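There are 2 protein chains.
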Amino acid sequence: MAKQEVTAGVDIGGTNTVLGLVDREGRVHLDLSIPTHAHEGPETFVARLAKTIAEMAKQTTATCDLKGIGIGAPNANYYRGTVESPPNLGWKGVVNLVEMIRRTHHLPIAITNDANAAALGEMIFGAAKGMKDFIVITLGTGLGSGIVCNGSLVYGADGFAGEIGHTIVDPDGRQCGCGRKGCLETYASATGICRTVSELLCEERNESVLREIRPSELTAKTIAEAARNGDAVARQAFEFTGRVLGLKLADSVAYTSPEAIILFGGLAQAGELIFEPTKRHMEESMLNIFRGKVRLLPSGLKEGNTAVLGASALIWNELPKR
Amino acid sequence: MAKQEVTAGVDIGGTNTVLGLVDREGRVHLDLSIPTHAHEGPETFVARLAKTIAEMAKQTTATCDLKGIGIGAPNANYYRGTVESPPNLGWKGVVNLVEMIRRTHHLPIAITNDANAAALGEMIFGAAKGMKDFIVITLGTGLGSGIVCNGSLVYGADGFAGEIGHTIVDPDGRQCGCGRKGCLETYASATGICRTVSELLCEERNESVLREIRPSELTAKTIAEAARNGDAVARQAFEFTGRVLGLKLADSVAYTSPEAIILFGGLAQAGELIFEPTKRHMEESMLNIFRGKVRLLPSGLKEGNTAVLGASALIWNELPKR
Numbered sequence: 006m007a008k009q010e011v012t013a014g015v016d017i018g019g020t021n022t023v024l025g026l027v028d029r030e031g032r033v034h035l036d037l038s039i040p041t042h043a044h045e046g047p048e049t050f051v052a053r054l055a056k057t058i059a060e061m062a063k064q065t066t067a068t069c070d071l072k073g074i075g076i077g078a079p080n081a082n083y084y085r086g087t088v089e090s091p092p093n094l095g096w097k098g099v100v101n102l103v104e105m106i107r108r109t110h111h112l113p114i115a116i117t118n119d120a121n122a123a124a125l126g127e128m129i130f131g132a133a134k135g136m137k138d139f140i141v142i143t144l145g146t147g148l149g150s151g152i153v154c155n156g157s158l159v160y161g162a163d164g165f166a167g168e169i170g171h172t173i174v175d176p177d178g179r180q181c182g183c184g185r186k187g188c189l190e191t192y193a194s195a196t197g198i199c200r201t202v203s204e205l206l207c208e209e210r211n212e213s214v215l216r217e218i219r220p221s222e223l224t225a226k227t228i229a230e231a232a233r234n235g236d237a238v239a240r241q242a243f244e245f246t247g248r249v250l251g252l253k254l255a256d257s258v259a260y261t262s263p264e265a266i267i268l269f270g271g272l273a274q275a276g277e278l279i280f281e282p283t284k285r286h287m288e289e290s291m292l293n294i295f296r297g298k299v300r301l302l303p304s305g306l307k308e309g310n311t312a313v314l315g316a317s318a319l320i321w322n323e324l325p326k327r
Numbered sequence: 006m007a008k009q010e011v012t013a014g015v016d017i018g019g020t021n022t023v024l025g026l027v028d029r030e031g032r033v034h035l036d037l038s039i040p041t042h043a044h045e046g047p048e049t050f051v052a053r054l055a056k057t058i059a060e061m062a063k064q065t066t067a068t069c070d071l072k073g074i075g076i077g078a079p080n081a082n083y084y085r086g087t088v089e090s091p092p093n094l095g096w097k098g099v100v101n102l103v104e105m106i107r108r109t110h111h112l113p114i115a116i117t118n119d120a121n122a123a124a125l126g127e128m129i130f131g132a133a134k135g136m137k138d139f140i141v142i143t144l145g146t147g148l149g150s151g152i153v154c155n156g157s158l159v160y161g162a163d164g165f166a167g168e169i170g171h172t173i174v175d176p177d178g179r180q181c182g183c184g185r186k187g188c189l190e191t192y193a194s195a196t197g198i199c200r201t202v203s204e205l206l207c208e209e210r211n212e213s214v215l216r217e218i219r220p221s222e223l224t225a226k227t228i229a230e231a232a233r234n235g236d237a238v239a240r241q242a243f244e245f246t247g248r249v250l251g252l253k254l255a256d257s258v259a260y261t262s263p264e265a266i267i268l269f270g271g272l273a274q275a276g277e278l279i280f281e282p283t284k285r286h287m288e289e290s291m292l293n294i295f296r297g298k299v300r301l302l303p304s305g306l307k308e309g310n311t312a313v314l315g316a317s318a319l320i321w322n323e324l325p326k327r
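If you're matching them up, the sequences are chains A and B in order. For the first sequence, my numbering gives the first residue as 6, with consecutive numbering after it. For the second sequence, my numbering gives the first residue as 6, with consecutive numbering after it.
Rather than coming from a laboratory, the hints here were simulated on the basis of the structure. Since the structure is predicted, the reported quantities are computational estimates derived from the model, not experimental observations. Please note that the accuracy of each hint is not assured.
Same chains, same names: a pair is fine if it fits in one copy or spans any two.
[To be verified] Derived BS3-like pairs: lysine-lysine, alpha-carbon spacing no greater than 27 Å straight-line: (1) K97 / K226; (2) K97 / K72; (3) K97 / K186; (4) K298 / K186; (5) K137 / K186; (6) K97 / K298; (7) K186 / K72; (8) K97 / K63; (9) K284 / K307; (10) K284 / K97; (11) K284 / K186; (12) K307 / K72; (13) K298 / K226; (14) K284 / K226; (15) K134 / K284; (16) K134 / K72; (17) K72 / K284.
Working from the sequences, and respecting the hints, build out all of it.
Right under this line is the structure:
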């Protein structure tokens with residue numbers, strides 16, 4: 006029997022790095038997780054990563070044929086094959102990750118950031134299969150985005166395109182981690198909705214179960230639970246988040262006229278709580294020629310493996326071109 | 006001697022339609038203008054247009070070989086080859102312009118809106134030669150935009166992408182012709198700066214030569230002249246316009262990370278009066294990873310022929326593909 010062609014999908018996180026061998030249909034043949042131990046520095050990390058990939062290939066050598074390696078990592082640059090001062094890894098300067106892995110693995114290797122990998126994952130395996138123009142919005146700690154136009158991911162002149170989370174909602178708005186004020190991700194993200202709850206608890210006098218939770222312990226999940234139980238402040242927080250996000254997604258539609266926008270990540274798990282107000286405000290705020298045309302969809306990737314599937318999709322997407 | 010290959014560039018305006026035969030280097034071999042007479046309806050117009058192109062080809066038959074026809078028109082759809090309810094032509098519904106011209110001219114023919122044609126004009130003949138990622142902003146009566154990513158114009162799922170003029174500056178802001186409020190073009194356009202002057206004349210008590218001009222007679226050119234003569238209100242108007250435009254261009258950079266943004270059209274003629282504040286506010290508002298990287302450039306197309314060059318570029322850009 007012919008061996009199954011697979012690529013390795015690698016998602017480098019601040020705590021753990023998750024790996025999987027994924028075939029062209031998105032089936033994961035082997036997956037595992039190693040601690041990132043970023044403090045040991047990039048050289049040590051890459052040596053362990055390369056060894057782990059080699060072991061995975063060896064372990065599946067009877068059934069799988071490894072064709073390439075795709076990597077999702079914070080602050081990754083697709084063009085240069087680098088990660089550049091990734092904040093949650095603590096590595097300084099520019100790390101030539103692709104070049105370092107290529108020393109031991111003579112295969113096609115590519116790297117991009119998590120949000121772009123998610124977009125390619127949706128295109129190859131998920132909700133955007135067969136689409137040529139779409140946007141994936143990752144609502145996690147921040148707001149990441151991957152923009153696909155005419156079947157290709159938009160990297161831009163320097164490889165850093167797709168920062169919709171850092172478009173400005175209000176120049177005098179909330180302080181953002183990027184140093185500026187009022188970025189979309191300070192409102193529309195798991196962190197953003199927690200800030201919104203704090204603001205509402207201060208402005209309103211409603212009773213709310215959220216008043217019993219320490220702000221430091223508040224999560225998007227807790228707020229979603231409270232909203233499902235009818236808590237007025239929690240519901241208001243989702244309405245506000247959907248309004249801000251919907252307005253900015255109407256802008257996104259004016260830029261690239263996507264067929265669909267896919268909401269991905271922790272806050273998107275809240276389902277209709279976030280989809281309904283976002284869709285409603287997006288439609289209300291949209292230029293008439295676009296109204297009723299753009300679908301707002303949940304991720305089509307299986308829970309748990311999404312980051313690995315995205316990273317694998319990155320390199321599957323390259324392989325026909327080589 | 007071999008004949009010179011040319012394409013016909015056609016710019017359909019509300020009053021006049023301008024035509025030119027343009028070679029691959031952007032030289033115009035013959036150009037002329039016919040009245041559009043839109044009230045006669047699309048059939049009559051297209052018959053006159055097709056006849057004019059045939060006559061131009063005949064007149065230059067000794068030296069030129071017509072290879073294709075490119076058309077810039079309001080509300081044009083590239084995918085469908087149509088113009089759809091163009092407001093300044095008064096044609097109702099969908100007019101299959103490309104199909105109608107193809108009845109008499111068996112050549113490659115393509116159509117797009119004026120802003121997209123301008124972007125292709127800059128890419129093939131102008132300031133964006135050799136660039137793969139850039140945005141052209143047309144500051145005319147409204148604000149048009151053409152976005153190029155990875156060497157291709159972004160048309161989006163429905164062919165109507167690139168409506169940066171209809172991204173929202175302020176949801177409670179100025180009434181826009183599109184029926185919504187606070188669109189960028191109500192601030193950053195030749196019309197927008199006139200509205201800003203009216204607002205400033207009401208809010209401020211400064212003396213200003215602009216108080217002597219009827220609002221209906223105010224133009225971007227008059228405001229530029231007043232600003233050059235040191236008029237404080239006129240200067241404030243350019244500062245305000247540059248602030249609003251610069252902030253939104255910083256958002257544009259976050260979307261597609263262009264190498265350059267090119268300002269085109271009537272208001273861009275004001276030169277440093279509009280470039281300086283726009284550039285300054287764009288840099289101030291930009292995410293740090295993009296700062297200092299994006300050039301703000303004037304059009305590289307010769308005055309007068311810009312629309313014809315853009316329309317011609319549209320079809321030159323297609324020809325290698327066919």
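Results of checking the hints against the structure:
1. K97 / K226: neither (33 Å within a copy, 51 Å between copies)
2. K97 / K72: Answer is neither; intra-copy 31 Å and inter-copy 55 Å both fail.
3. K97 / K186: within (25 Å within a copy, 45 Å between copies)
4. K298 / K186: between (32 Å within a copy, 21 Å between copies)
5. K137 / K186: neither (33 Å within a copy, 31 Å between copies)
6. K97 / K298: between (44 Å within a copy, 22 Å between copies)
7. K186 / K72: Neither: 44 Å inside a copy, 52 Å across copies.
8. K97 / K63: neither (33 Å within a copy, 67 Å between copies)
9. K284 / K307: within (23 Å within a copy, 44 Å between copies)
10. K284 / K97: Intra 40 Å, inter 31 Å, cutoff 27 Å: neither.
11. K284 / K186: both (25 Å within a copy, 19 Å between copies)
12. K307 / K72: Cα proximity of K307 and K72: one copy only (23 Å, versus 51 Å across).
13. K298 / K226: neither (30 Å within a copy, 39 Å between copies)
14. K284 / K226: For K284 and K226, the Cα distance is within 27 Å only inside one copy (20 Å; across copies 42 Å).
15. K134 / K284: within (21 Å within a copy, 40 Å between copies)
16. K134 / K72: within (22 Å within a copy, 37 Å between copies)
17. K72 / K284: Neither: 40 Å inside a chain and 46 Å across chains, both beyond 27 Å.
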